[in-house]
Each structure stands twice: as C-alpha cells, then as structure tokens.
Amino acid sequence: MSVLEVRNLTVEFGQRGGAKFRAVDGLSFGLAEGQTLALVGESGSGKSTVVRALSQLVRRRSGEILLDGKPAGRRGSALRAYRHKVQLVFQDPFASLNPMHTVRHHLVRPLSLRQGHVRGPAMESAVHDLLRSVNLTPPEEIAGKHPHELSGGQRQRVAIARALATDPDVLLADEPVSMLDVSIRLEILNLLDRLKRDRRLALLYVTHDLATARHFSSEIMVMYKGEIVERGPSDEVILHPSHPYTQILANAAPDPTATRESLAAAREQRQSARAARTAEHREVAIGTGCRFRTRCTFAMDICAQHPEDIEVGPGHVARCWLYSGAADAAAVP
Amino acid sequence: MSAETAGQAGRAAQLAGQASSAGQLAGEYGEARRAREQGWATAVDDVVLRATGVCVEYAGPRPTRAVRDVTIELRRGEVLGIAGESGCGKSTLAYALTRMLRPPAELTGGSITFFPAGGDAVDIMALNSADLRALRWNKISMVFQSAMNALNPVASLATQFDDIFRAHRPEMGRRARHARSRELLDMVGIDPGRVHGYAHELSGGMRQRVVIAMALALEPEIVIMDEPTTALDVVVQREILDEIERLREELGFSVIFITHDLSLLLEISDRLAVMYAGETIEYAPSEKVGTDPAHPYTLGLLRSFPDMRGARRELRGVPGTPPDLRDDFPGCPFQPRCEYGFGPCLDVHPALQRLAGQPGGTGYDDAAGHDGTLQDGAAGTDGWSVACHLHNPDYRPQGPPPELDGRAAGGTPAVTADAAGGEQ
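So the sequences go chain by chain: P and A.
Reading the first sequence from the start, the letters are residues 34 to 366 in my numbering.
Reading the second sequence from the start, the letters are residues 300 to 723 in my numbering.
Accuracy of the hints is not assured; some may be wrong.
[Claimed, not checked] Listed next, with one range per pair, are the computed distances between beta-carbon atoms:
id: 1; chain 1: P; residue 1: 55; chain 2: A; residue 2: 638; range: 46 to 54 Å
id: 2; chain 1: A; residue 1: 492; chain 2: P; residue 2: 296; range: 28 to 36 Å
id: 3; chain 1: P; residue 1: 61; chain 2: A; residue 2: 432; range: 54 to 62 Å
id: 4; chain 1: A; residue 1: 619; chain 2: P; residue 2: 232; range: 23 to 31 Å
id: 5; chain 1: P; residue 1: 251; chain 2: A; residue 2: 454; range: 48 to 56 Å
id: 6; chain 1: A; residue 1: 619; chain 2: P; residue 2: 153; range: 30 to 38 Å
id: 7; chain 1: P; residue 1: 296; chain 2: A; residue 2: 518; range: 21 to 29 Å
id: 8; chain 1: A; residue 1: 619; chain 2: P; residue 2: 127; range: 18 to 26 Å
Hints were generated in silico from the structure; no laboratory data involved.
Beta carbons are placed, not taken as given, at the ideal position from N, Cα and C, and that holds for glycine.
Use the sequences and the hints to build the structure in full.
In structure tokens:
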C-alpha cells in the first residue's frame, strides 16, 4: 500500500503577461513502503517542482496528497506533523547546511522537535546514533565539526542524517548525488538504498541519470514538460523504452561498451533526424496536443490531440498515440 | 623520442601544411580520422602540443602541489581526454598549458612546447606576455565549464564576437566581422539572427554552443575544453558532443577534453590520461581502457558508473577521500584507498611506465592491448602506461590481479562480461 498517495497534482506559476505557467500537470502516483520510485527527466521538466509541492514548499493549484490515506495537513500543526513524516534531501550539500553551525546543531534541532526537550547525554547519544546510521564515524569527532571541515560526500551524509532525525516515512531525494564526485556517488546511493530497506522508507529519487535510476529504483517515471509520459518497472522502461522521449533519453546517455562504428552510426542517425526538423518547427506553439510532438521523429496528425496513457506491457504505461491503435502499426518504433 | 626528432617531424608536417590549401587540409584531417576509426594508425610523431614534467603549486604556508610532474602529448587531430575526480589537478593542468594560472598558483617546473602547422616549434614557457596574448585564442583556445559565466551578460553576442576580432584580427572591417560572427553562429547550429541577442535569451545548451563558436572564431589548432557539458542534461550534452565531433571533422583541430565523466571520455576521446592527486596514473587508448583498465583507480572510476543496459551488479565506486595535496607521498598516493595495496605501495613511489605488449622504441600501437606487465625502463606518454606496482614483476612476480590484467581477461574482462550477458 502506498504511504504517500498523490492524485492529480497540478502546480502553476504566475508569469509576467498573464497566462500561468503550468509546471506540473495532473500527476498521480504513489510511494510505497520500502520502495524507491525514480523520477527522471531533463532540466526544466518539472521534477523539482514535484518535490517542492510534495513537501508543501510551493502551493499546489489542485490535486490531493494523502499520507497514510489521510489528506496532508496544509497549515499549522497539521502541516508540521506532515513534514515530520515527509523529509527532503537537497541537491547541493554545500548550500543546504548552515556554515555557521556545527553538525551537532544541525541534528539537534530536528531531534528536539521530535523528542521534546531531551538534553544532555540522551541527546548526544541520539546525535551519535544518527551519525553512525549514515556511516559518519567517529561520531564524537564529526558532531563538533562545521560544514567546511567536511567533504561533499560527508556533508550529504549529514543532510541525510538530518532528514532522518524526525523519523520520517517518506524521503524525497532531489538529485542527491549530482553535485558529488563520481567516485563517491555510489556510496551515497548505496547508503540511501540501505536506509530505505532498514527503516522501511518510501523513497522518491529525482534524477536525470537513467543508469542510477535503473539500478536503485523498482519503478521509473519519465517526466516531460510537467507530464509523466512513461512509467513502469525500471528495467522495462530503460531496456524497452516506449515513448519517443524516453528513447531519446536512453540513447543520449554515454555507453562505455559501444564500439567506434556503432557510435559513428548513431551520430549519423541523430544528425539526419535533427536535420529533418527545421529550427522553426521546434518552436511552434504546443497548444493542447502532445507536448513532445515538436521534437518527436514520429509526430503524426493525431498528435495535435492530447494522448492518453496506454498500457504497453505489464505495469508499463506510455502516454503516446503510437501505441493506441489509432496509428499505423508499422510506425511503432 | 627526443625533442629534436619531434621538432623535425613537426617541421615536416609544417611543410606539408604550407603546400596544401586550407580546404585540402581539412580533407586530410577527415581522412586521418577515418583511418584512425578503422585501424588506429595515426602518425605517431605528429605532435601538436607536448608538456613535459609540468608542476604547479598553490602558494601557502605548506604549498599545495596540485600538478606533480605531469607529461602529456597531444597529437594533431586527436581528442585527448583527461579524467579524474575533483581536486585531482586536471583543471589546473589545463590552465598551466596556456600559462593562464594566477597567483597563488605558480608553474614551478616543466616545459610546454607547441608545434604549429606551418611554423617553428614554440616554447610556451619562454613567451613574453604579448606573444602569449597572440597565441591564446589564435592558436590555442579554451572552452570553460560554465557557459553562464563565460559570456558577458550585458553585451550582445555581436559585441563579444567583435571583441575577439578587434583584438586578434585588427585588419578585419566592421562588415567582415559581422559576417564572420553570423557564419560562426550558423556553424554551431544557432540562428544567425541571434547575433544581436544577449546571453540570457539563450538556453544553457545554446550558450555552450556560442562559447564553442567563440573558441573556434580564429580557427585555432588546439581547443582545451574544461568540463564543457557538465552543467547540461544528457540530451543537450549529446547534441553538444555531436557538434564538437562534426566541427572537428570539418576544421581538424585537436582537443584536450577534461571531465570527471569517464564513461563519456571513453566514447569521445582517442587517448585518455587518468589523473589522481596531481599525477597521471594511467595513460591509455580510450577504446581499450574501458574494458581493460590497468590501474586500480581507473577500475574504480569505471565501476562508479552503473551500466545502463547491462545486468545489475554490485556498485562500489571508490571508497575514501583523495589525499591532501599539501602532503608528500613517499609511496603510492592511491594506496590508502586501494584494495590491492601491498608492501611496496607504502614506501616506493610508482613511476609511470609503459606496459609490456606495447612495441618498444618510439613506435606505438593503439590497437595492441597489454599483457599486464611493465616494460623495463620504458617511461613516457606514447604507449599504454601505468603507475602501479601491481604490474611490476620485481614486486609481484605472479602478475597483477585478474581484474587488472589484460592478458588473463582474454579480451572479455570482468567489467563487461556481465554487460554482454545482459543484452538480449
């Protein structure tokens, strides 16, 4: 059962000149206990807005958020109770910790919110337990340090420990490793993975890296311009991408096993595909139809209408006319 | 190879360069690239930039030795990749190559020689500031990581292009400058009408294209790219890389491509230098090193990238943190993080040495693999070299562990064996 259930989430931002910008458009999904759901997409697709709406840092235009089946509190103590259960890990560990405070201070604040005014040795041991749970040892030494004395990976561990301090059920990780060095990214992801299992957390992993999304999550949602265009079991989505956008994403990622010939061939193909679409073609008004059709190599007339979710495999859904039967079967890639 | 013979080779290339027109030259470069893609047969001696024993220190009570005795060699028309995690000295090295370091950084040793096509070898270390200014952008240009900051937010693109031409091509008239600016934008796939636009009107990918267009404005022979695609998302990154590749085929410049993304470098570079703690620890043909790394750190970096299509496997990365570059390392700087460390790693500093299996002398064969042992006394940059005691038969007669031994793996090493199994 889903711990956190999201129904028809829509977020809009005001723009100069009238029309509102719809950053997230009618998203529905659930986060299950002990499971990781990955949300992938290019920059500007609305991934971070989803996270902010879920943590209620931005106001949603419409839609429902249910925590354990009950509507999420929107203000006052109900909102605080919701935030205790739904915690965030931010992208940039250099910006998300206060440079003036020690690691201990960062952890004592949320701990005292949860436990009331525990002081002295009890608090100190709670801090140490948290630090140990994120593999920051020796905790006695780390607790007294300031953020500038820690490496990027250590800082992100502190940020994770802070998120765990209120004993949440849901963890929202917004690009938790993209600011970290390649060599330590996997350690942090492995840590999140272990914590998720040990603490039965529901984890939302927001990223633009398809490879780690596949390895650390059971399900993947692909977001494009505020919509989920494809979702399904992670291996299905990555190995057999259905939506043309997912196919582009999957093909764009570097493939260390590729040969020179296959690379050259792929490059040629991309170039001819790009040449087929003129520059002005890319910038036509989107209107009500499929949002991807201006970049899509398979665009058809019917794409001017908004596509529906169509099941392409067990639990695997793509929002694309290519799979509706309305399209010529031969056109399906 | 001695500097003298390299100089002669360089001059021979210059003569060839003078004889043919620019168009023919571009054709020849395309030819060379095709030849390389087929058989990896590049003229070994045709070096365009050689840096030997470069050392850079950041001054302080205990100086930070950011680049330590690094030797690299860039051949005409190739892409040389430099990989490593942050703080390994790769950007500092790039700045050192064009002598752009500012205090507290100081170039404390080494020599840097540029071999232009159609001129004498230039000792970059000996140039005065006027000569350096003439060299930069004109012959060696640079693309920086953050295109946001590389463009002037309050000047139109036209003004910024004009600046380049006014400084380096004073003979060009206003019309010529304008025409050339439009042509350059068109070349990188941006509507020439944008020339009067400003940086904030462009997306991140477009800005990076503009910066690349500017770097190519004076048709340099070398372009140094410092993490040019790091801030971009995968789709845009792919477009930019395609663009660089296309332009390189057209214009025939050489590229030093710096990034922490090793999987990307394996794809786009011809040869690859892996840096750790200010030193080059492995120097290898990119096509082979992905499946056949010789240094444990390279193996660790490769394992840091989950395979998108292959089978799921245990993912480890490289545990631990890089060393403090203010320290001296009596042994191997990677030893504290290395799972294969043994006796000599603690107190004997490993030198970069060519792996056996590579031909001796100045000959060099990219296509040859390595059989896991070091060749006697063959240091340098023109083979597959590694700085690791595991490959030294004096210390380890039984040879390196199977993961690092190209011979034992028999062409299907551990890293990709399961990947092949995962593909159906």
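Verification of the hints:
no.	hint	verdict
1	P:55 - A:638: 46 to 54 Å	holds (50 Å)
2	A:492 - P:296: 28 to 36 Å	holds (33 Å)
3	P:61 - A:432: 54 to 62 Å	holds (60 Å)
4	A:619 - P:232: 23 to 31 Å	holds (26 Å)
5	P:251 - A:454: 48 to 56 Å	holds (50 Å)
6	A:619 - P:153: 30 to 38 Å	holds (34 Å)
7	P:296 - A:518: 21 to 29 Å	holds (26 Å)
8	A:619 - P:127: 18 to 26 Å	holds (20 Å)
Violated hints: none; the structure is consistent with every hint.
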